Amino acid sequence: MNRWNRCVKLEGSALEDFFDNYLGSSERSLLLIAGGGFDPRSTSIARRVAAMGAPRKRALIIREERPGAPSKLREQADVHTAELSKLIADSSVADVPIFAEGNAVVGGREVAKLLGQQDFSGVTDILLDISALSTGVFFPAVRMLLGEAERNRKLNVHVVVDEQPATDYGIVGVASDRATPVHGFKGRIGLDETGSHARLWLPQLVLHRRQTLERIHTAVSPDDVCPILPFPCANPRLPDQLVEEYREMLEAWKVDVRNFVYAAENDPLDLYATIVRLVDTRERVFAAVGGSLVTLSPAGGKLLSVGSLLAALERDLPVVFVESVGYEITGTGSESAAGPPKLVHLWLEGEAYDGRRKTR
Amino acid sequence: MNEDLTIRALEQVMKWDDETIAKETIWLRLMSHFKYDSYRDYLGGVRFSERLVDWLQQFRQEDRQAAYDYVRQRLIFVSYAEMQHLVNWFFPAFVEPVLVSEVAMKLGVSRYLLWNQESAEREFELALRKTLFVGLSDGARMDMLRRANEKRISNEQVLVTTQVNESKWQDVLNELRVDLKDDTARFSRVFLVDDFVGSGKTLLRREDGGTWTGKLKKFRDEYPGIFTSHFEANWTLNVHHYVCSNEAFGRVQATAEEARRELGSQWFDNFRFTYGLVLPEDVRLDRDRDATFWAHTENYYDPIIENEAMRVGGKTAKRGFGECGLPLILEHNTPNNSVSLLWAETNGENAHRMRPLFRRAQRHW
Amino acid sequence: MENPFLKRATEHLRDDDAFLAIISPEPLRHYLGKTDADRQALFDRLARLLGQPGSGKTTIARLLEYATLAALLRKRNVPDFRELAKALADCQVISDDRPRILGCRLPMEADYREFWELPYPTEHKHQLFLAMIQCRAMLYWLRQLQNAQVDLSHVNIVPKKDSDASVQAIGGVRALDLREKARRVEAALYKIAGAVLPPKLTDLSDDAVGAYRPFDVIENFSVPYEGSEMLTLQPLVMLDDAHQLHPEQYQLLKKWLMRRELKIGRWLLSRLDALDSREMLDAVSPDGTEGTHFRRFTVTRDVTEVIFQTGSSRQQERKFFRSMARDMARRYLDRMPLFRDVGLTDLGTMLTTETPHLSSSDVKELSETVEVNRERLRIPQKKAAELRDLVTDYLRNSGHERESDIALAMESILLHRFANRVPQEALFAELEDDLEPSKPLAADATVYEGARVHLHHQYNRPFVYGMDAVCDAAAENPEQFLWFAAELVEHLANRIQRRRRAELSARQQQDILHSRAAKAISDWDFPDSPAVRRVVQGIADRCKKRSLEPNAPLGSGACAFGFPQSEFERIAKSNSPLAQVLKFAVAYNAITLIPNYPCKKRIWCLLELGGFVLVKNGLTLKRGGFVEGTTNELMTMANVARASA
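Residue numbers (numbering that gives the first Met the number 0), protein chains in the order written: chain W, 0 to 359; chain C, 0 to 364; chain D, 0 to 644.
Since the hints were made in silico from the structure, they are not lab data. From a predicted model like this one, the values you see are computed outputs, not experimental measurements. One should not assume that every hint holds.
[Claimed, not checked] Partner residues are not named here, just some residues of chain D that face chain C (Cβ under 8 Å, in silico): (1) E489; (2) H490; (3) N493; (4) Q496; (5) Q507; (6) D510.
C-beta: ideal position from N, C-alpha, C; glycine also.
Model the full assembly from the supplied sequences, consistent with the hints where possible.
See the structure below:
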């Protein structure tokens with residue numbers, strides 16, 4: 000059985016119950032890792048955690064530093080960081096540079112280094128709040144934390160997010176000019192041994208990213224492309240809009256109607272299961288001709304990215320993306336437009352699965 | 000099919016300039032291929048673009064652009080692949096959580112700690128076997144559902160329709176008891192599945208005279224005895240629709256609760272409604288925002304389509320059954336809640352002769 | 000219908016035959032040197048190939064890979080390939096219908112840059128990085144042979160003399176052993192660079208830190224060819240996109256590849272970094288007639304430098320590009336049955352150059368405006384008639400006599416020029432005899448072009464149409480050309496389908512090109528692209544204003560922003576936000592940089608707008624006219640001041 004087939008995913012009243020009765024109990028000692036970003040959702044989870052009286056609480060606030068961040072966004076990030084520090088008194092702030100000289104992407108490496116230096120002793124539950132963390136940072140972070148949980152069987156690893164697709168769509172990254180694997184997610188891409196593998200690329204389509212997609216396509220150089228379309232999704236015409244916007248590209252890549260992969264916009268486990276199934280099928284099919292290599296490129300909503308993340312972790316898949324050198328907020332992404340928090344939780348490792356470990 | 004001819008016909012019908020026809024041809028080719036041509040009713044030689052040419056001709060020249068724009072900008076077509084995804088997603092997203100919370104309750108643990116229990120897998124499998132899946136119409140795609148879950152659900156727990164005879168009911172119970180090697184085993188939950196709910200009135204409504212009717216009521220009344228003979232005492236009814244209108248979302252639950260208050264023991268004790276895709280409110284045809292096309296629905300209308308079933312939904316069917324005004328097409332059929340200009344076909348003896356873009360097949364059950 | 004124009008060059012990279020079918024021999028002849036000595040210098044020392052994205056560097060590298068050459072040679076008698084084979088023979092890449100080199104292209108992706116982020120001393124990082132390049136090159140060479148169906152068990156290397164010990168360290172001389180060793184080295188290095196947390200320096204495996212130096216060992220490859228024959232091939236490694244490396248890493252690599260004792264061919268392909276002022280200034284030299292232009296091919300003792308796509312004013316470049324683009328379009332159309340079957344493979348003939356005309360009511364209005372202006376400027380009828388004669392003469396002599404709308408617009412320009420060049424008092428006193436302009440007026444090609452610009456903006460008269468214009472709008476960049484052509488071709492295909500003549504009017508072309516250019520700009524997605532968009536729009540607005548002045552002071556109009564060269568050099572050195580913006584603007588063809596441009600006794604640096612920007616804003620494609628400005632204006636346009644705070 001796949002690792003996260005029975006993944007505990009909570010939201011709404013079930014999540015409240017979990018916060019009140021599990022995380023909120025005095026036996027727990029929480030470490031919240033969150034982004035102190037300009038993203039209006041930066042503080043929603045921290046606020047909920049701060050409201051828990053009983054458990055011990057500590058926070059590590061990550062400031063993603065990008066060279067091209069406009070000062071307005073920086074100021075917003077300052078405000079959020081200060082607020083986070085106030086919410087969780089026992090907290091530290093760490094700057095994570097996303098780029099090094101010459102626009103080389105180093106955010107993942109830096110966050111891994113940062114987490115490698117942390118002392119997790121005494122912590123029972125790590126909550127990684129990805130609401131205001133970017134793909135290049137939270138992917139390696141999750142890998143690091145799961146590694147920690149391997150060593151420390153008592154440790155619980157949770158991913159939490161204030162999920163608002165509209166906010167995600169409203170935040171437009173200014174792309175770096177190179178496509179790179181996410182740190183720690185090279186998944187054998189580029190090795191000679193995988194050079195003759197059948198290559199499939201699963202890009203998640205989002206509006207207005209033609210050049211980014213082309214850049215990744217060039218880097219991945221796939222034999223086949225199966226774009227991921229969000230469906231069902233809040234805007235049921237979105238798949239049509241995406242197909243229309245990327246018509247020329249899809250035609251050039253010989254993407255047939257049957258190539259599209261659908262994934263529910265708000266359910267990471269749906270995409271996770273779909274990818275794993277696809278990967279396994281291709282493994283079998285292409286074993287005879289040398290092997291198969293499936294590359295992922297998450298984009299857009301946070302929850303769907305988590306789906307890619309879980310699949311990549313489980314099957315050691317390469318994840319190739321274009322890091323953002325900065326952001327522009329368009330239309331609805333501003334602070335005022337952020338809706339009421341809609342928290343979603345995934346329990347990735349720990350006590351929830353002890354029973355399964357024993358029966359496995 | 001000669002695409003060139005169709006394009007020329009479209010050019011004639013729409014009187015477009017060179018650039019527009021070139022641009023629209025690209026769109027037409029793309030969307031026909033991506034979705035529209037797969038509409039179940041289409042035949043070789045007469046697919047979407049041919050239908051579109053025919054459909055547009057029912058409008059006067061000056062009205063055609065607005066009609067075209069409505070299709071181009073508002074239509075929501077749930078393709079086969081999308082429908083299949085809604086079906087595939089049904090089990091993990093809607094069945095499993097129900098099973099998890101019911102099993103957790105049985106074991107007396109929080110649902111998030113269910114998998115911490117060594118007995119969880121076993122209990123989960125048991126609960127799953129005690130679940131019955133029943134199709135509410137031929138749109139429920141029970142075949143697809145079965146295929147998507149062939150390792151999880153056995154054929155003996157799927158009924159493609161609610162209209163089965165008593166002996167079939169006996170069969171499924173016997174199979175359950177054989178499978179579980181337990182002569183007293185009963186089902187503990189049902190999932191009723193259907194493709195779409197628009198106004199909710201076909202599902203459940205109270206007639207003017209105060210009597211309750213609709214698919215749910217019929218299910219309750221057909222063999223009232225089975226609910227005690229085949230089901231555990233606190234069994235749950237789960238009703239799932241792959242697609243639902245914004246109107247039905249919420250309203251259906253409220254109506255069902257009203258029925259419980261009125262019907263008491265003649266109704267279900269535990270029920271919940273779930274939906275795969277809830278259409279947003281703003282897809283509905285709006286008198287102000289879509290004024291031009293709204294006027295078309297007034298002017299190009301043949302009241303002959305208002306059969307008895309239609310009248311249940313409201314005064315006219317200009318914006319479809321129940322005046323839902325939806326722009327929705329499902330790959331296998333068009334709901335009657337969609338704007339009737341999209342699907343209606345009449346001979347026009349006494350009024351406008353309506354031509355369908357996506358002809359609707361009448362359902363028999 | 001499949002439209003090959005939609006594909007970017009890199010998307011053809013995986014299929015040899017499809018790739019070869021669209022390759023034009025022109026760039027080889029154009030870029031890779033003129034003499035045998037030039038060509039030799041490409042292979043006996045380090046060669047650096049510099050150019051912007053889409054300029055065709057990668058395409059050439061791809062062509063020179065062994066499997067491609069082999070595929071080409073198998074088809075050398077197909078007419079379309081014969082030319083290409085000949086061009087390659089001229090470049091000494093093949094001789095006697097056999098490959099002479101064993102080429103492989105190694106994209107310098109993130110893999111390599113990563114070594115610089117490892118927490119080790121520079122010397123160690125450098126060694127690991129070099130080992131990675133060498134094992135990859137080895138694997139890629141062998142893969143090229145494999146892709147060309149060569150049996151690797153018969154392939155050997157010929158080592159340099161006296162290198163026994165080093166031969167052992169790379170796995171021996173037999174291809175299969177070499178591959179085995181290279182794979183082990185690759186896997187070890189890959190693991191180090193890819194680990195979430197890097198291992199300690201002391202924990203590195205022997206495979207990763209051993210003395211693995213195939214570049215120093217190999218002289219040639221001995222490879223079976225078509226049956227029993229053995230070829231001796233010179234290996235060539237082409238390190239593509241080298242600008243992705245850390246600057247220090249790049250310098251060390253360059254130094255290492257410059258060593259004369261290496262026998263393998265080695266190319267470094269990278270983007271021309273316009274803001275590395277020394278590099279840029281080295282690459283350009285002033286030219287008396289046309290300002291400045293790039294040296295294309297330079298050979299020094301240690302390095303050969305080749306610069307792709309000079310991009311500035313050079314008439315020669317334009318001519319070359321036009322012929323290459325036509326050739327490319329022919330090859331692409333030939334792959335589309337809809338066009339091929341009816342013998343339509345010359346895109347040029349389908350893009351009419353027939354002059355558009357304003358409607359008669361517009362002409363009437365224009366003519367009234369000209370008359371009103373004449374009166375307002377107090378220019379006597381007689382003088383105006385003289386000017387009109389100048390215009391008529393010019394139009395007749397240049398074959399434009401039927402363009403009455405242009406005639407009026409030219410007359411209007413001359414009237415305003417006249418008014419500027421005679422003393423105002425004379426006009427007011429109506430002293431007809433004194434009305435001699437300080438400088439004689441002429442109606443020439445620049446006034447004609449200026450009139451076209453005016454009418455485009457005043458009456459929406461089509462401005463960019465015809466094959467040459469499309470080529471010029473692409474600014475010597477094949478990818479930009481394809482971007483424009485793709486949609487023109489789609490519209491043509493649609494016309495053929497509707498049984499219409501396969502021809503687009505000037506108006507249609509103008510509209511398509513305009514929307515295409517606008518889309519390209521809105522799609523820009525690279526570092527600083529929002530600021531780049533702001534800067535080019537700011538420049539375009541100023542150019543437009545200047546171009547539309549009634550006397551068309553710059554003739555054809557402005558298409559560039561000039562500011563003092565000294566200011567440019569200061570920015571280039573400063574690494575300021577503005578420098579970043581300009582760097583990416585140049586890298587992505589939003590502007591072309593022309594430094595050291597002498598004009599009016601001063602030295603300027605010109606920022607010439609790219610083709611997309613010119614087309615979108617209806618500015619002239621004729622080069623040379625610029626608006627004068629300052630660094631501060633650029634900063635305001637870019638709106639970067641706040642980001643630098």
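Sort out which numbered hints this structure fails and list those numbers smallest first. none
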